[in-house]
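**Q** For the sequence shown, this note's numbering gives the first residue as 3, with consecutive numbering after it.
Since the hints were derived computationally from the structure, they do not count as laboratory data. Here a beta-carbon is modelled for each residue, glycine too, at the ideal position from N, C-alpha and C. Worth double-checking, as some hints may not be accurate.
Cross-link-like lysine-lysine pairs, in silico, DSSO-like; alpha carbons within 30 Å at most [to be verified]: (1) Lys55 <-> Lys101; (2) Lys121 <-> Lys101; (3) Lys55 <-> Lys121.
Here are the simulated distance ranges between beta carbons [as the list claims (entries may be wrong)]: (4) Gly54 <-> Val9: 15 to 21 Å; (5) Ala11 <-> Val96: 31 to 37 Å; (6) Gln78 <-> Ile50: 23 to 29 Å; (7) Gly94 <-> Gly72: 24 to 30 Å.
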Amino acid sequence: MNIAGEVRAGRRLAERLMIDRFRFTRAVLGPPIRDDETGDLVYPPREIVYEGKGKVQTYEAHEVGIGSAGRLFTVQRYQIHVPVASGRFMIGDVGECTKATLDPELLGREYVVAALLHKTAATARRLQVDEVTA
């Protein structure tokens, strides 16, 4: 049995299901800088860490209601699957759906990486993500 060949075949099949597109960005560390035109303090633009195919997946409903400043927010847990060789993600990276092939409600939704899941014979990079809705 050639496990490496089986994993490669599994990755090809998994990527066929990644029919949406995502852009993941990361905050650039450092102090805000003054905008010469407006005089406002602004933070540096976020850096893009991944832009490409992926899919949203949920395996069980998990939501948490959080109250803050008199408002109720709901945090919903999902997974976003991207190709294994998509780069290094970090907790706190923000992913946005930039193309939604079958579900137009996904377009523009933002998700925050909450956990990184690694395993030996992964067919996809599975990111645990949270979506915060008001």
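**Q** Does each hint fit the structure? Answer for all of them.
**A** These are the hints, each one checked on the structure:
With a CA separation close to 9 Å, the supplied pair lysine 55 and lysine 101 stays within the 30 Å bound. With a C-alpha separation of about 28 Å, the suggested pair lysine 121 and lysine 101 falls inside the 30 Å cut-off, and the hint holds. Of the pairs offered as hints, the one joining lysine 55 and lysine 121 holds, with about 20 Å between alpha carbons and a cut-off of 30 Å not exceeded. For glycine 54 paired with valine 9, a C-beta distance near 20 Å keeps the hint of 15 to 21 Å intact.
Between alanine 11 and valine 96 the beta carbon distance is about 32 Å. The supplied range of 31 to 37 Å therefore holds. For the pair glutamine 78 and isoleucine 50, the supplied restraint of 23 to 29 Å holds, since their beta-carbon distance comes to about 24 Å. Remark: the range hint 24 to 30 Å for glycine 94 to glycine 72 is upheld by a beta-carbon distance near 26 Å.
The structure fails none of the hints (numbered hints given earlier).
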